[in-house]
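Based on the hints, put chain A in the right spot on chain Y.
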Amino acid sequence: MEQNQEAAWVSQALKGDEQAFAQLVERYQRPVFNLCYRMLGDEYEAEDAAQETFLRAYRGLKRYDPSRSFITWLLSIASHYCIDLIRRRRMVLIPIEALPGETLPDPALTPEAAVRLGEDQQQIQRLLATLNPIDRSAVILYYWYEYSYEEIAQSLSLTESAVKSRLHRARKALAGAWQENKTGSEKAVKRTRHESPAF
Amino acid sequence: MNHQPFEELIFAGTELSLEDGLRLQLHLQSCEQCLALAEAWRQVETKISTSSLVEPAPGFSTRWQQRLRQDNMRIQRRQSLLVFAGGVGLALVFLILLALTVLFAYDSPLEWLLTLSNRLVVIFTLAETFQMSLIILQSAIPLGWWLSAGVAVMALCLLWIFSLQKLALNGRHPS
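Quick mapping for you: the protein sequence lines, in order, are chains Y and A. For what it's worth, numbering that gives the first Met the number 0 labels the leading residue of the first sequence as 0, then goes sequentially. For what it's worth, numbering that gives the first Met the number 0 labels the leading residue of the second sequence as 0, then goes sequentially.
Hints in this document: simulated from the structure, not taken from any laboratory. Just so it is clear, CB atoms sit at the ideal spot from N, CA and C, and this is done for glycine as well. Check each hint, because a few of them may be wrong.
[Claimed, not checked] Below, a list of computed lysine-lysine pairs in the BS3-like style, where the Cα atoms sit at most 27 Å apart:
#1 A:K46 - Y:K171
#2 Y:K171 - Y:K181
#3 Y:K14 - A:K165
#4 Y:K181 - A:K46
#5 Y:K61 - Y:K14
#6 A:K165 - Y:K163
[To be verified] Computed beta-carbon distance windows for the label pairs:
#7 Y:A7 - A:E7: 43 to 53 Å
#8 Y:Y63 - A:T49: 32 to 42 Å
#9 A:L97 - Y:R58: 35 to 45 Å
#10 Y:P65 - A:A56: 25 to 35 Å
#11 Y:I70 - A:D19: 29 to 39 Å
#12 A:Q3 - Y:R58: 27 to 37 Å
#13 Y:R58 - A:A84: 17 to 27 Å
#14 A:V87 - Y:D41: 40 to 50 Å
#15 Y:D41 - A:G88: 41 to 51 Å
#16 A:A154 - Y:Q4: 22 to 32 Å
#17 Y:A7 - A:L25: 39 to 49 Å
#18 Y:I70 - A:T45: 25 to 35 Å
#19 Y:N3 - A:L25: 47 to 57 Å
Chain A on its own, in the form it takes in the complex:
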């Protein structure tokens, strides 16, 4: 016997027409297999329809807010890392370009070394001049002023480190 059309009716999920309902009833009276299937579905449907919505443990929205904060931190960290990696990448590209420029600007390595030593001599001379001017300044400016300037520079450094940590690493979290 072909059970397919009757299975279609059993699992239709909608109200059957009078004609289809009678046809199914007639078939169920003579077919144990379909009757068992129809009965099984009736029991499953009852089970599902009497089952209520399950609830999460109390404090769900508080836990969600905590998770959102953690997720915000993760995103900010990733962004900081991306910015850092981008900076490092740019610096590397710049250095490579600089190195290539230097390499192609000179005919031989000896010429390049001579120019480098000349530049170093200029840098050292400038540093020596700066040192001399500092010595002159040291005798001209009182000690108290030096201390105040030192404290101010330290405070600015601390402020910079604190703001870097607050904004770049931890991120800003609206309360």
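Chain Y extracted, bound-state conformation:
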């Protein structure tokens, strides 16, 4: 039923119906925005990248193959766009402590829960930021979207074995970054304990 509806919206959008495409934007805004946010780590940049993704999808709708899932196609566009954006920024690997964190508080949560959630998001973003853009994208598609190796390979224009090796490398890097972060925090706590109080 949902797929029929989606196919109808795609077909109407192909005829130039903006409203039909706006329905697709409404339906898939969350997964696309989440991917962009996880890739870029900044709410405003993620909004811009997600908007650009939908714009590119709308302009390139003729290239969409209806036998593939529409959301997979969208996420593929978003991944490539974010990877290009990060490369253009000439982002180098930054020490984990130096990375800024973003919080996205949910108004429905209590202040304590919102702070805790914000800290968790921040921690995850810091970890993801230690990965190179393609590895990061593979990790996001694998863990947040539960994509198979084959789907990730299709989305990122890689081979399945390349995806497996990238994920393996990314897992190791994430665990290493986690350990480093933990050691850094423990050192900071020790330093604070032994320092004289500031007056």
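Coordinates of chain A only, in the frame set by chain Y:
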């Protein structure tokens, strides 16, 4: 000790076979380094798996539609500019070709100047004849008719400017 085969198992990302699982467990009991790595990965995996999808601020699709309209305008402006630049380019090529034709059609600059002055005399004579015929027409046609014709020409000019602005500069936006 070679930790590589055990790291392969820790970061395999899939369910391990019974044999591999036991082999890894045995190694972790005696290797603090791999145990710390396995524990770190377990914590990261838990963190990721409990993290939900983040949502954009409300009104995302409305903002997208606004952006699409702006993008349409930008594309139309660029197309208008391209058409204008193409027109100017063609006119320039035409003028250059005309200038070359004129230059090669005459033997000397004096001959060219004489022909030009002759042509100007013809143009001025034609303009004078047109002026005379207008004076005759002015006395033959009543003033009211002249005013009506003037108003009609002005209305057509306004219509032309309005349609040019609407179609070429701003573009057509389906609601």
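Hint by hint, here is what the structure shows:
Between A:K46 and Y:K171 the CA atoms are separated by roughly 15 Å; this keeps the pair inside 27 Å, and the hint holds. For a cut-off of 27 Å, the pair hint linking Y:K171 to Y:K181 stands: about 15 Å separates their Cα positions. Taken as a hint, the Y:K14 and A:K165 pair is honoured in the structure, with Cα atoms around 23 Å apart against an allowance of 27 Å. A distance of roughly 14 Å separates the Cα atoms of Y:K181 and A:K46; the hinted pair therefore holds under the 27 Å criterion.
For the suggested pair Y:K61 and Y:K14, the alpha carbons sit about 10 Å apart, so the restraint of at most 27 Å is met. Between A:K165 and Y:K163, the direct Cα distance comes to roughly 55 Å. Violation of the 27 Å bound is thereby established for this hinted pair. Between Y:A7 and A:E7 the beta carbon distance is about 47 Å. The supplied range of 43 to 53 Å therefore holds. For Y:Y63 and A:T49, the hinted distance range of 32 to 42 Å is satisfied, since their beta carbons lie about 34 Å from each other.
A hinted range of 35 to 45 Å holds for the C-beta pair A:L97 and Y:R58, which are about 42 Å apart. As the Cβ distance of Y:P65 to A:A56 is approximately 31 Å, the hint placing it in 25 to 35 Å holds. In this structure the supplied range 29 to 39 Å holds for Y:I70 paired with A:D19, their Cβ-Cβ distance being about 35 Å. Distance hint check: the CB atoms of A:Q3 and Y:R58 are about 47 Å apart, inconsistent with the given range 27 to 37 Å.
In this structure the supplied range 17 to 27 Å holds for Y:R58 paired with A:A84, their Cβ-Cβ distance being about 23 Å. The beta-carbon spacing between A:V87 and Y:D41, approximately 43 Å, falls within the hinted interval of 40 to 50 Å. Checked against the hint of 41 to 51 Å, the C-beta distance between Y:D41 and A:G88 comes to roughly 44 Å, which is consistent with it. The hinted range of 22 to 32 Å is not satisfied by A:A154 and Y:Q4, whose Cβ atoms lie roughly 50 Å apart.
Checked against the hint of 39 to 49 Å, the pair Y:A7 and A:L25 fails, with Cβ atoms roughly 58 Å apart. A beta carbon spacing of about 26 Å between Y:I70 and A:T45 agrees with the range 25 to 35 Å that was offered as a hint. Between Y:N3 and A:L25 the C-beta distance comes to about 54 Å, which sits within the given range of 47 to 57 Å.
When the structure is compared with the earlier hints, violations turn up for hints 6, 12, 16 and 17 and for no others.
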